[in-house]
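**Student:** Residue strings, one per chain:
2 protein chains.
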Amino acid sequence: MARKFVSKRNCEFLLYEVFDIVSLTKSSYYQQHNKKLFDMMLDAALKLGKDLLQPSFEEMDRHPPTLENGKVKVHASVREIMQKFGEGGWIAAKFAEEFDGEQLPYLISDCCQFIFAAANYSASVFSGLTTKAARLITSFGSQELIKTFVPKMLNGDWQGTMALTEPQAGSSLADIMTTATPTDSDYYHIRGQKIFISAGDHDGVDNVVQLLLARIEGAPPGVKGISLFVVPNLRPDNSGKLISNDVTISQIYHKMGYKGSPITELSIGEKNDCRGYLVGEPNKGLAYMFQMMNGSRLSVGAAAAAISTAAYYSALDYARERPQGRNSKTKDPTSPQIPIIEHADIKRMLLFQRSFAEGAHSLLMQCCRYADLEIVMMGEEKEKASLLLDLLTPVAKSYPSEGSIQSTSLAIQCFGGYGYCDDFPVEQHFRDTRIHAIHEGTTGIQGMDILGRKVRMKDGKAFSLYIEQVEEDMQAATEFDSLKPYVEQLQFSIDELQKVTAELVELGRNEESDVFLSDATLYLEYFSLIAIAWQWLLQSTAATKALSNSPSKAETNFYQGKLFTSRYFFHYELPKIQGLVTRLLDSDRLTMDMKSDYFFD
Amino acid sequence: MARKFVSKRNCEFLLYEVFDIVSLTKSSYYQQHNKKLFDMMLDAALKLGKDLLQPSFEEMDRHPPTLENGKVKVHASVREIMQKFGEGGWIAAKFAEEFDGEQLPYLISDCCQFIFAAANYSASVFSGLTTKAARLITSFGSQELIKTFVPKMLNGDWQGTMALTEPQAGSSLADIMTTATPTDSDYYHIRGQKIFISAGDHDGVDNVVQLLLARIEGAPPGVKGISLFVVPNLRPDNSGKLISNDVTISQIYHKMGYKGSPITELSIGEKNDCRGYLVGEPNKGLAYMFQMMNGSRLSVGAAAAAISTAAYYSALDYARERPQGRNSKTKDPTSPQIPIIEHADIKRMLLFQRSFAEGAHSLLMQCCRYADLEIVMMGEEKEKASLLLDLLTPVAKSYPSEGSIQSTSLAIQCFGGYGYCDDFPVEQHFRDTRIHAIHEGTTGIQGMDILGRKVRMKDGKAFSLYIEQVEEDMQAATEFDSLKPYVEQLQFSIDELQKVTAELVELGRNEESDVFLSDATLYLEYFSLIAIAWQWLLQSTAATKALSNSPSKAETNFYQGKLFTSRYFFHYELPKIQGLVTRLLDSDRLTMDMKSDYFFD
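Top line first, the protein sequences correspond to chains A and B. Residue 147 in numbering that gives the first Met the number 0 is what sits at position 148 of the first sequence, and the numbering runs on without skipping anything. Residue 315 in numbering that gives the first Met the number 0 is what sits at position 316 of the second sequence, and the numbering runs on without skipping anything.
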């Protein structure tokens with residue numbers, strides 16, 4: 000049964016009306032593309048989502064991967080998906096032509112990936128991971144590595160992964176212990192254990208290629224001694240035949256959701272016969288890996304927004320069709336019941352979901368635009384795009400991830416008891432999306448990233464550029480009188496953000512950084528709410544502009560919906576910063592002074 | 000494997016130091032009890048929780064009930080639990096001696112029920128429901144009904160239920176359509192369909208007794224025509240033998256969590272041979288049922304707090320044992336890692352969980368105290384207790400239910416990736432607790448209850464009494480200088496609550512009530528945060544008092560922990576009311592003006 004899981008109209012709105020993707024085609028890098036092609040891609044992605052990914056959404060959850068005789072078995076559709084995504088050029092969409100890629104803008108290719116994640120998140124990760132792993136090789140690997148691995152990955156025959164986490168280290172990558180021993184040949188012997196590796200093995204592809212962090216014998220301790228390796232599960236022998244590379248799948252995890260994707264534990268080099276191929280220079284592995292991590296962080300944020308979008312459309316459909324109760328004016332209990340969408344509290348819950356999902360999606364597209372500008376611009380504009388992308392990445396990862404817990408929860412709430420049962424997809428959305436605040440750097444890690452590093456980097460340059468950009472967009476919005484109250488509210492928030500940030504940065508200068516960072520997670524939440532308000536101002540500006548051109552009835556409804564959703568965000572969500580500001584300016588050192596003994600009872 | 004799921008010390012603190020249960024034994028109704036007995040009950044409840052309920056926590060989730068040949072099969076432990084709870088007097092704990100009950104205070108019996116819910120929520124509902132169903136019969140039923148049904152229920156042989164919801168009605172009880180046709184005998188013929196009936200049938204008991212709402216033929220439409228019936232699944236024939244009463248289980252629901260308890264759909268009287276026995280007078284069924292509904296609402300709130308407590312202790316244990324990372328002063332990556340409880344962000348998440356779970360538990364105990372005072376007091380004091388219990392019931396139901404989603408989610412977050420896997424119980428806690436914002440009246444229903452009814456009833460008398468009580472408790476807290484800042488903060492919040500409430504009530508006089516109630520859910524959240532701050536002030540007062548008596552090291556840690564947790568609530572949670580006040584005083588009619596067409600795209 001096909002369900003609406005995403006809005007094509009909203010994708011078009013963001014691509015064409017808010018972020019003006021067509022302007023990118025004036026650059027030489029993207030000049031071979033045009034709006035017609037983008038339209039076709041959107042249609043194709045929606046069709047793939049509907050026909051190829053969505054049909055196995057429930058099945059992949061009810062029949063999760065199994066580990067049989069050392070091999071991970073996944074849902075049969077995974078092979079078909081990888082093959083079709085390879086053939087269709089989806090895995091290689093963003094790659095340059097020199098790698099047989101489509102050289103497509105981030106804006107359109109990530110928008111298509113958003114559609115896939117909304118249709119069936121688990122099914123969408125196989126190709127997404129492979130794209131990023133292959134890109135790591137093309138960015139930093141030798142020609143030999145590129146030739147051996149990248150074509151097979153981009154055509155969907157081989158899976159790519161990122162293999163970072165280890166049992167004793169978790170988020171603390173400084174403590175990685177997997178070792179790489181040099182040999183006389185062009186490879187190292189790898190030995191160690193990795194946990195929580197997504198798609199670390201499965202029978203939907205012919206081989207799996209781990210992009211793996213390890214420590215070369217004698218390397219410096221901590222993050223300065225980490226190197227990046229390509230470690231395939233099967234390696235080509237002299238004749239080109241694939242043979243075992245001594246990578247053992249020791250377990251797969253039994254997860255609450257996101258079940259279609261196998262998360263594996265790897266034992267590497269138990270027989271001392273695992274070959275790893277160094278990528279780039281020794282001890283620079285973590286810096287390289289940040290390319291893939293940052294990309295993955297944006298993918299995680301996008302997936303959280305996508306899952307919430309799918310849950311929202313299920314809740315919206317139900318709310319339109321389910322009659323229950325009457326409004327309070329109707330005293331006659333024999334009068335017909337009204338659809339629940341007519342109740343204010345249901346509208347409030349739907350508006351939360353829409354303002355969250357479309358606000359988050361917009362911020363992700365904003366990041367894609369910066370990724371594209373980083374490619375096509377030069378000099379200061381290039382640096383600006385790069386800095387803003389860096390600054391916004393923790394926001395674009397964590398706001399959607401945290402918010403999607405509440406958003407999918409409210410989707411369940413719109414259904415009442417039915418939402419708690421597996422007759423409807425929303426309970427699965429709620430379970431699936433809970434992973435996002437954890438993988439690719441927990442929310443706590445993202446908080447330390449933005450406050451401890453990003454707002455301070457280059458003497459606050461990224462932060463200053465951000466403020467300038469928001470103020471420029473506010474200036475554009477003042478063209479419309481109806482938007483002025485929102486410009487004022489955002490201006491006030493942005494001014495306050497600067498003060499709060501300055502105060503915290505100052506605290507970081509004078510005190511131990513543990514104190515300065517103790518509420519970094521709340522600072523991230525605070526920063527995020529204002530960033531999403533900025534995105535809603537951008538969307539409101541585009542919608543107000545469009546309404547001035549007397550659009551059709553249906554289009555008017557769409558744009559009015561945008562304006563109401565934006566109003567919802569400014570009236571209901573943005574005020575949440577007040578309590579956060581109070582806390583962030585509070586000099587109480589509570590979590591520093593709380594002794595762990597005080598938790599005993 | 001036994002895990003800590005509740006704190007005995009905290010139960011003692013609430014019972015003896017905050018709510019002074021021993022003072023109740025001065026009343027004639029509770030005079031046969033004493034502290035020693037309460038201590039023994041706590042110990043017994045903890046032992047039952049640990050030995051009888053907790054062992055099947057995971058199993059009941061992994062092997063949910065099945066419907067086989069029309070009969071619901073539940074986990075084998077259910078029969079043992081019902082029998083032991085019957086024999087041990089747990090089902091009858093609160094019943095008067097005339098019904099062979101233990102005549103125990105709500106405070107102690109509900110505290111024991113809290114322990115059971117923390118150990119294994121699904122396993123705890125069978126007896127809890129039976130208690131409330133039996134009480135409905137003893138309160139409003141005939142001697143004949145009491146004699147036939149109550150002893151079997153209280154000894155654990157028969158299950159009690161509440162059968163309200165119907166497919167076309169949902170939360171709108173006015174639309175109930177199940178019919179009751181009078182006969183020449185002492186019973187009615189019942190015919191209809193009920194959905195989402197907890198424990199509507201199972202093989203852990205010999206019979207199930209539905210307390211069921213239906214409409215007697217010719218009754219007025221709406222809620223004024225609803226009557227209450229006892230409808231057993233099996234009825235005694237002339238010889239006393241149990242025979243079918245034409246109640247068919249048409250399906251059981253497949254739920255995301257809370258899987259150990261079978262939620263059933265009932266088809267009643269398909270063969271026109273279902274006998275229902277009227278409870279009390281015709282057309283007064285809803286008023287009677289509110290006794291059971293209110294009791295169930297408190298049970299739901301308590302269960303949400305209990306599940307969060309269990310999740311908190313799992314997270315706390317893990318945080319103490321798991322080494323990861325270093326504090327920022329430590330630059331040497333070869334130094335040992337520290338337990339994650341030493342990280343400020345982990346402490347913040349643990350403090351959230353503790354402040355939530357212990358704050359919520361305290362509010363539930365406050366409600367129990369009012370239930371007890373309602374029994375033992377006379378005149379104005381009795382009315383006061385009754386009104387305050389009424390006022391606080393929607394708060395005590397919904398604050399724990401909504402907050403437990405976030406609290407169990409943060410328990411998962413403390414575990415990182417492990418929390419998302421079923422090796423640890425927290426992912427099940429997260430799934431289990433999600434039901435609570437839905438069953439026994441959704442959060443939206445509770446919001447309309449407090450703002451639309453409770454704060455306005457008797458010309459605002461309950462609300463005034465509430466303010467007086469909080470102010471009285473603030474006065475007591477000012478005895479301690481260290482608590483004065485919190486008294487001031489709460490005083491400010493209480494003053495503001497009165498203004499906001501007055502403004503909303505005024506709006507309700509002048510405008511349609513749909514407008515007045517459109518943000519009732521947010522008003523409920525606002526009211527709740529202040530109520531929990533009140534509870535933390537009470538706990539702080541008790542802890543400060545205790546610390547002045549030079550307690551032992553362990554006790555000092557406990558009381559210091561209480562003070563820090565209270566500080567956390569005042570510094571991190573209470574400020575959230577600022578954004579809510581802004582919204583509640585906002586004259587924007589957003590959710591009223593938002594047309595459902597604007598959701599189209």
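Everything labelled a hint here was simulated from the structure, so no lab data went into it. A hint or two may mislead.
Same chains, same names: a pair is fine if it fits in one copy or spans any two.
Result set (DSS-like, lysine-lysine): computed pairs, CA atoms no more than 25 Å apart in a straight line [to be verified]:
#1 Lys544 / Lys594
#2 Lys25 / Lys151
#3 Lys330 / Lys83
#4 Lys552 / Lys457
#5 Lys498 / Lys575
#6 Lys72 / Lys383
#7 Lys49 / Lys270
#8 Lys46 / Lys270
#9 Lys457 / Lys328
#10 Lys460 / Lys594
#11 Lys594 / Lys7
#12 Lys483 / Lys151
#13 Lys328 / Lys223
#14 Lys25 / Lys223
#15 Lys146 / Lys460
#16 Lys270 / Lys330
#17 Lys46 / Lys34
#18 Lys457 / Lys383
#19 Lys330 / Lys7
#20 Lys223 / Lys575
#21 Lys72 / Lys283
#22 Lys457 / Lys46
All of these numbers come straight from a predicted model, not from anything done at the bench.
**Student:** Please go over all the hints and tell whether each is borne out by the structure.
**Tutor:** For each hint, the structure was consulted:
1. Lys544 / Lys594: Close across copies (21 Å), not inside one copy (56 Å); limit 25 Å.
2. Lys25 / Lys151: Neither: 32 Å inside a copy, 82 Å across copies.
3. Lys330 / Lys83: Intra 58 Å, inter 49 Å, cutoff 25 Å: neither.
4. Lys552 / Lys457: Classified as neither: same-chain Cα gap 49 Å, cross-chain 49 Å, threshold 25 Å.
5. Lys498 / Lys575: Intra 17 Å, inter 20 Å, cutoff 25 Å: intra and inter.
6. Lys72 / Lys383: Intra 45 Å, inter 64 Å, cutoff 25 Å: neither.
7. Lys49 / Lys270: neither (45 Å within a copy, 44 Å between copies)
8. Lys46 / Lys270: For Lys46 and Lys270, the Cα distance exceeds 25 Å both inside one copy (46 Å) and across copies (49 Å).
9. Lys457 / Lys328: between (60 Å within a copy, 22 Å between copies)
10. Lys460 / Lys594: neither (37 Å within a copy, 43 Å between copies)
11. Lys594 / Lys7: Between copies only: 21 Å across, 52 Å inside.
12. Lys483 / Lys151: neither (53 Å within a copy, 69 Å between copies)
13. Lys328 / Lys223: between (69 Å within a copy, 18 Å between copies)
14. Lys25 / Lys223: neither (41 Å within a copy, 70 Å between copies)
15. Lys146 / Lys460: neither (39 Å within a copy, 80 Å between copies)
16. Lys270 / Lys330: neither (78 Å within a copy, 35 Å between copies)
17. Lys46 / Lys34: Answer is within; shortest intra-copy Cα gap is 18 Å, inter-copy 69 Å.
18. Lys457 / Lys383: within (12 Å within a copy, 63 Å between copies)
19. Lys330 / Lys7: neither (41 Å within a copy, 50 Å between copies)
20. Lys223 / Lys575: Classified as neither: same-chain Cα gap 40 Å, cross-chain 42 Å, threshold 25 Å.
21. Lys72 / Lys283: neither (35 Å within a copy, 59 Å between copies)
22. Lys457 / Lys46: This pair counts as neither: shortest intra-copy Cα distance 45 Å, inter-copy 60 Å.
Checked against the numbered hints above, the structure breaks hints 2, 3, 4, 6, 7, 8, 10, 12, 14, 15, 16, 19, 20, 21 and 22 and satisfies the rest.
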